[in-house]
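Undergrad: Read off the chains here:
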Amino acid sequence: MAELLLEGIKKSYGSVAVLHGIDLDIKSGEFIVFVGPSGCGKSTLLRLIAGLEDITGGRLSIDGKLVNKVAPSERGIAMVFQSYALYPHMTVYENMAFGMKLGKAGKAEIDRRVREAAEILQITPYLERLPKQLSGGQRQRVAIGRAIVRDPKVFLFDEPLSNLDAALRVATRIEIAKLHERMSDVTMIYVTHDQVEAMTLADRIVVLNAGRVEQVGSPMELYHNPANLFVARFIGSPSMNTVPMKVETGGASPRVTPRNCKTVEVDAVIPEAAAGAEGTFGVRPENLHVVGTDEPPGSVPVFEGRVDIVEALGEVTLVYVDVGHEEPIVAKIDSDLSVKKGDRVTLASRPDNFHVFDAKGLAFPRRSAAG
Amino acid sequence: MAIIKKALFYLLVLVIVVVSVFPFYYAIITSLKTGTALFRVDFWPTQISFDNYTSVLTSRNFPRNVLNSLFVSASVVILALLFAVTAAFALSRVRFRGRSLLLLTVLAVSMFPQIAVLAGLFELVRGMGLYNTPFALIFSYTIFTLPFTVWVLTTFMRDLPVEIEEAAIVDGATPWVIITKVFMPLMWPALVTTGLLAFIAAWNEFLFALTFTSSEVQRTVPVAIGLLSGASQYEIPWGVLMAASVIVTVPLVVLVLIFQRKIVAGLTAGGVKG
Ligand SMILES: Nc1ncnc2c1ncn2[C@@H]1O[C@H](COP(=O)(O)OP(=O)(O)O)[C@@H](O)[C@H]1O
Ligand SMILES: [Mg+2]
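So the protein sequences, as listed, match chains Y and R.
Under UniProt numbering, the very last position in the first sequence is 371; numbers go up by exactly one each time.
Under UniProt numbering, the very last position in the second sequence is 274; numbers go up by exactly one each time.
Just so you know, the hints here were simulated from the structure itself, not pulled from any lab data.
Only a predicted model underlies this, so the values are computations on that prediction, with no experimental measurement involved.
Positions of the beta carbon are idealized from the N, C-alpha and C atoms, including for glycine.
Among these hints, one or two may not hold up.
Stated by the list, open to error - Here are the computed distance ranges between Cβ atoms for each label pair:
#1 Y:Pro125 with R:Val19: 47 to 57 Å
#2 Y:Glu109 with R:Gly98: 44 to 54 Å
#3 Y:Asp63 with R:Pro161: 29 to 39 Å
#4 Y:Arg115 with R:Pro175: 24 to 34 Å
Claimed, not checked - Short, incomplete list of chain R residues facing chain Y, as computed with Cβ under 10 Å:
#5 Glu166
#6 Ile169
#7 Gly172
#8 Pro185
Unchecked claim - Result set (DMTMM-like, lysine to aspartate or glutamate): computed pairs, CA atoms no more than 25 Å apart in a straight line:
#9 Y:Lys69 with R:Glu166
#10 Y:Lys262 with Y:Glu326
#11 Y:Lys132 with R:Asp159
#12 Y:Lys153 with R:Glu166
With the hints as constraints, model all of the structure from the sequences given.
TA: Here's what the structure looks like:
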């Protein structure tokens, strides 16, 4: 049970500003994921919340209480580190009990809580082992167990899965999702640069870029209605295709012309005055179809060009089409379709899949979303 | 080819062993001789007599000198490690202005030769009323040992993962708890090594020990041995001298043997990634 309120949080190291004023309202029991490219300040923001770094400016409150100057151990938080950060000379049991021992809890109480947490994470058989006698996945469980024993109000994770191999990562991800269900009143904040983790775990995703919040929203909101070019390109894999465009008309029936392409109608609110302005046009690879194969009804042709590269991934095939821009247009198509290198193809998509951004990179809102 | 290489390698090892062990071996042989046999050059023990040992151990002040040495050296080790561990924590973990300058200054201090500071230190010792007490030696040895100890422990502590410390902070550990419960157990190899070196340096030190003590009962072993005299001014009691030397080397050998296991075990345990 903990609400967090971040108001204008700033952080500088000397003269280097890392975070430029973060505002965020996190509800009790929410699973929040900070995502963004490496070096954007995700870890720094998490460490500010944990109290491991001093806040340069702004206010951080937990449950309405200002905690800018409160010691980490008194904030009601627990943290799981990327490198596990277990105490190498202590057994699993001692690792998990250490915090409670320092808190002068009774032996019986400590024992009960450690065993309970070990049971949840299925590490009971390893309680007497040293960390070096455990595999990476087991160590990560112990690190999570140590956090559970602290009975925190806020659970902080800093890229907890990045040291695990692919299979284990998926398994542990599901484990963490279950943990959130079980501890439904505990607020969780999770840092990652992996958008799959972000999309699958989060109630709400916070996209950070260069120390600023780009957008906050549910995973599907970010996917369908990115607020700007950065979020549009960051969420989704492969990235959204973006090309420069010119606005033909705004108002009731807005039309744009992506460079080297046909003029298309778009489902966006573009002011009349914007006619003639430059902007950016975007469409996701999975929304593009090769004309003459399986395009859904209502599709309109957008791009035309020669196939450069065909990547068959098994379930889907990625087709890179050169339409006369620096970067090819990527289409994610059904792997049954036979498209060969050198083919001339036309790519089409439904107009409600088009994203349009103004010259500053801000999205024109959708008409359907605007009501 | 391989055989020649191997042979040369072992020959080299043999040379090194002989050069480093022979002086001590010769001291042991000599300490077992008496009378004129002392002045013959023998490479094997020709007679075995413990007269020299009994005469050293029953002499009026030698046992007392050994105790002095033990007390001084042990105190130096404890003090130096206590100060060095806490200083290393600050120097490796706390960010403050002028940290690297301070670290360099610490190193620079250790470059002064003993003789250069002898006079100043003498005044200091006298001023504090420590002259002719073991505390004069503890004080001066600690000063000379600390720079090295601080440096070694600082570099060692710097390599300990920051995240382990942060995990302890989140668990509610104070800096003192972090040092004693989290860092020290991980630093055994460094603590044992620097502690051992500090002990050996204090145990063998001569110049300060000679200058800061005046009475025979306050002397440490190296000075006592140096000032051992025979029946007359012109006679050097080689046998007794060698026996005394062997006796004072034994504690060092024992210490190294005790901690050798710990050093090796510690070194491998330190390689574990959190
Ligand atoms: N202790 C520090 N001193 C100076 N700069 C730092 C420090 N810690 C982080 N930074 C800088 O802050 C920025 C954000 O770092 P971080 O929060 O770790 O990024 P990430 O989003 O990859 O977790 C980076 O540019 C990094 O260089
Ligand atoms: Mg990071």
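Undergrad: With reference to the structure, classify each hint as holding or not holding.
TA: Status of the hints after comparison with the structure:
The given range of 47 to 57 Å is respected by Pro125 (chain Y) and Val19 (chain R), whose C-beta atoms sit roughly 55 Å from each other. At roughly 46 Å, the beta carbons of Glu109 (chain Y) and Gly98 (chain R) sit within the given window of 44 to 54 Å. Checked against the hint of 29 to 39 Å, the C-beta distance between Asp63 (chain Y) and Pro161 (chain R) comes to roughly 32 Å, which is consistent with it. Arg115 (chain Y) and Pro175 (chain R) have their C-beta atoms about 31 Å apart, which keeps the hinted 24 to 34 Å range intact.
A hinted interface residue such as Glu166 (chain R) counts as satisfied when its beta carbon comes closer than 10 Å to some beta carbon of chain Y; here the least separation is about 5 Å, so the hint holds. Because the closest C-beta pair between Ile169 (chain R) and chain Y is about 5 Å apart, less than 10 Å, the hint holds. Annotation: Gly172 (chain R) was flagged as interfacial toward chain Y, and the flag holds, the nearest CB pair being 3 Å apart, inside 10 Å. Of the supplied interface hints, the one on Pro185 (chain R) holds, with its beta-carbon coming within about 4 Å of a beta-carbon of chain Y, less than 10 Å.
Simply put, Lys69 (chain Y) and Glu166 (chain R) have alpha-carbon atoms about 17 Å apart, close enough for the 25 Å limit, and the pair holds. The hinted pair formed by Lys262 (chain Y) and Glu326 (chain Y) meets the criterion: a straight-line CA distance of about 18 Å does not exceed 25 Å. As the CA atoms of Lys132 (chain Y) and Asp159 (chain R) are separated by approximately 18 Å, the hinted pair is consistent with the 25 Å bound. Note on Lys153 (chain Y) and Glu166 (chain R): the hinted pairing holds, with a Cα-Cα distance of about 18 Å set against a maximum of 25 Å.
Comparing the model with each numbered hint stated earlier shows that all of them hold.
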